[in-house]
Amino acid sequence: MHRSTTRQQYGDEAMTDTPTNVDSPDLDSCVRIGSIVSSNSHLDYVAEVYKERDCDRPPELHEREFGQPVFIKKTVDGTEHAVMGVIYDTQLVDPDQGRTGPRLAQDDQAQFTPGYIEERTTLAGVALLGTAEIAEDGGIQEPTHQMPRWTLEVEDTVFQCPDQVTVSFHTVDDQIQLAYMDRLLDIAGDLGSEVIVALIGRLRGMLPDNDPNQRVLDVVEQNVQWQAREQRGMV
Amino acid sequence: MADRSDVVGTVAGPGDDPNEFVFVTPSDKSIKTGEFITYTVPVEDEPRSVFARVTNRELIRGLPEGFLADPEVGPETVAATLGVPTDDTELYRLTATVIGYYDTNMTTFANPRQLPDPGTPLSIAPHQQLETVLPNLGCETDSTDVTTLDGVAHIGWLLNRPAEATNLHIPIEEFASTHLAILASTGSGKSYTASVLIEEMMRPTSRASLLVFDPHGEYDTLAEMQGEEAFQGEDGYEPSIEYYDPERLRVRISELEIGDVMAILDNPSNRMQERLSTAWRAMQRQESRTWGIDELIAEMERIYGDDDASVGALEWRLRRSIERNDLFHPEENVPLDEIVDPGQCTVLQMDTLDRRDQQLITTVLLRRMYRERLGDVRDRDSDIEHPIFALFEEGHRFAPASGEAPSLGIMRTITSEGRKFGFGLGIISQRPSKIDQDVLSQCGTQISMQIKNPSDQDAIKNSVEAAGEDVLRELPGLTPGQAVVSGDAMNTPALIQVRQRRTSHGAGSRPVIEEWREAYDERQREPTQSESADFGEGDSTGVQSLD
Ligand SMILES: Nc1ncnc2c1ncn2[C@@H]1O[C@H](COP(=O)(O)OP(=O)(O)O)[C@@H](O)[C@H]1O
Ligand SMILES: [Mg+2]
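Line by line, the protein sequences give chains A and B.
Every letter in the first sequence is one number past the one before it in the numbering used here, and letter 37, counting from 1, is 37.
Every letter in the second sequence is one number past the one before it in the numbering used here, and letter 158, counting from 1, is 158.
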């Protein structure tokens, strides 16, 4: 499929579906961060971050930063799902510099070979965390932190996940959940504890100050930090 | 092969000690230390249930301690947040010591001399089996309904099991003939436990002949047994509880031995001691058993002349210490046939006597009773023709390690020889380290309750060889009513909860504040009098006994 066509489609959608109420954000109106270009494993994907040329409203720097929760939409068996993920790593690619990135054969063929990165670009590592169903009102329901069974596809769009959805995804029976933590630590490797700390920081900011889950997050953060220090041989 | 449904753990391998093995259990099979478990081994081709005691329990897999960082956030909440299941994560590693299988011929435990193989399934030992094999009941099978046996005392149930689930019935004959020690700090339940045993011994199935030396007046409520249906026999038996207050306690002077007299006298000189000994022996050789101080002094004057200074000094001392003390009498004596009888429990209320008098009446009574028991066994005429059991509160007073009690000698004799003559002693004490070691180590059955003082713990360790280290480790942590029973009455020591009394308990602490306030009010009402509140000399049932 032609990349620009895809872009065009999504752009149309974005224009027709505008959020109806502020309480339940519409997943269709979310900022697009980029599209999937490859994967390292079932839970570990690489997305190419959209630039000015790729869509109407490319993500701003703070919308695709390290630790940003994201989602990818998937329709499975007639039901729309959000596959939840997080940006756990980024990488700059400059095909002309040091020839590190995938190289393009011919300049003028660039737009017909989407598998290759033909220009300076930013890649984001996306680790999958779990899934949820997309509800009628545009929010999510039935969040689960079990390992997602479905695979993403190349060109799937990665959306920035709104705070409210991030909180819903992390809340089961009023209890904060980060049950994907060990998987995420495994995927994110050296940056594992950092990405979890970043996620926790976000969740903290989203929850009311007097929420009892704040203290739970503190304990979890302490544990992760301590483990990381232990692994790095600091303590 | 064991039915796996009641399997609680699996043997992992041998432990540090030759009799020890290690096993692993998941957390839902909560097994406490002290629990009895079994496994099956073939002994001479026959499957035998081997019993083992759990001695240690440690977590080998569980939630990280980091989850405990915030006291207000439960570790299970942190675990839930991280999606860590909390119900079956924990694994415990337990250590158990093999007790043995029950040898029905020897009616005690025999060591299989072989540890269970790794992988051997372990079960909780069934109630009835433990009730049969833990106490020394001499059962011929390893599973008997012990409630139907005669001569057993239902003292309580295994502490690790639910109330009244695994009951402990100990053989009365064992502890009553080879002596009993009840050792614990004040307030741990010694008198309570002793009363439970008295209740059991007075039941129609045993009809014991008991004597309680009660220096604190703690046994007044035993009389409630009379008229109580639980204690009545089909043949019309009912226990009789007799109280002897100091009014009825008499020591005939001729029953005293020269050593006893020396102990009462105030610092007699060597010359006085020598004169008194000579005269005392002369009096004891006489036909008459009913002589008094007058006759004794007459005898001294006959030997040494009536103007001998030492005799004069002795006369003054004897009249003061013996003649003017109502306890001593030229003729009267506590009649043995009245104080001991089968089906009778006699309580000697000594709470108003001073310590010396308590010791003397005890000394003389024990000596007389021992003589009668000796006579009975040797087919001589005897006032006591049945075995007797005497219980002592404040046992260290009557058999002190310091040796300073006239009663020590006869206590030693009875504890070492008494079993041959049907004379058993029960020693109750809150200071085991202050009891004469010979006496303590002769007490074949021990009931040890909470005890914190290290020297007292050592005294128990040294004298109570039957109770293993692992059981004695429990002593400081016990609460009132919990006890370790060990020794002759048991095939292996057990940690128990002593049952509730049927009679009420008469030995509470005194309501100190109430008494202060009452005493104060009393004074306000009688402003002219300057009498101080009298808490009673020699009565240490107050807040805490200091000896
Ligand atoms: N087996 C028991 N069941 C219930 N309460 C008990 C038991 N043993 C002891 N107690 C409680 O502990 C208190 C102290 O017991 P007591 O026998 O008077 O202590 P001690 O003689 O060791 O100083 C009792 O008043 C009673 O309330
Ligand atoms: Mg007491």
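Just so you know, not all the hints are guaranteed correct.
[Claimed, not checked] From the structure, some residues in chain A lie toward chain B, with a derived Cβ separation under 10 Å:
hint, residue
1, 46
2, 146
3, 188
4, 191
5, 219
6, 226
[Said to hold, decoys possible] Negatives, chain B to chain A, calculated, CB over 10 Å:
hint, residue
7, 72
8, 299
9, 367
[To be verified] With the C-beta cut set under 7 Å, the calculated list includes, among others, these residues of chain A facing chain B:
hint, residue
10, 144
11, 145
12, 147
13, 175
14, 176
15, 178
16, 179
17, 215
18, 216
19, 222
20, 223
Since the hints were derived computationally from the structure, they do not count as laboratory data.
Every residue, glycine too, gets a C-beta built ideally from N, C-alpha and C.
(request) Would you pick out the hints that fail for this structure and give their numbers low to high? (result) Hint check: 1, 3, 4, 7, 10, 12 fail, others pass.
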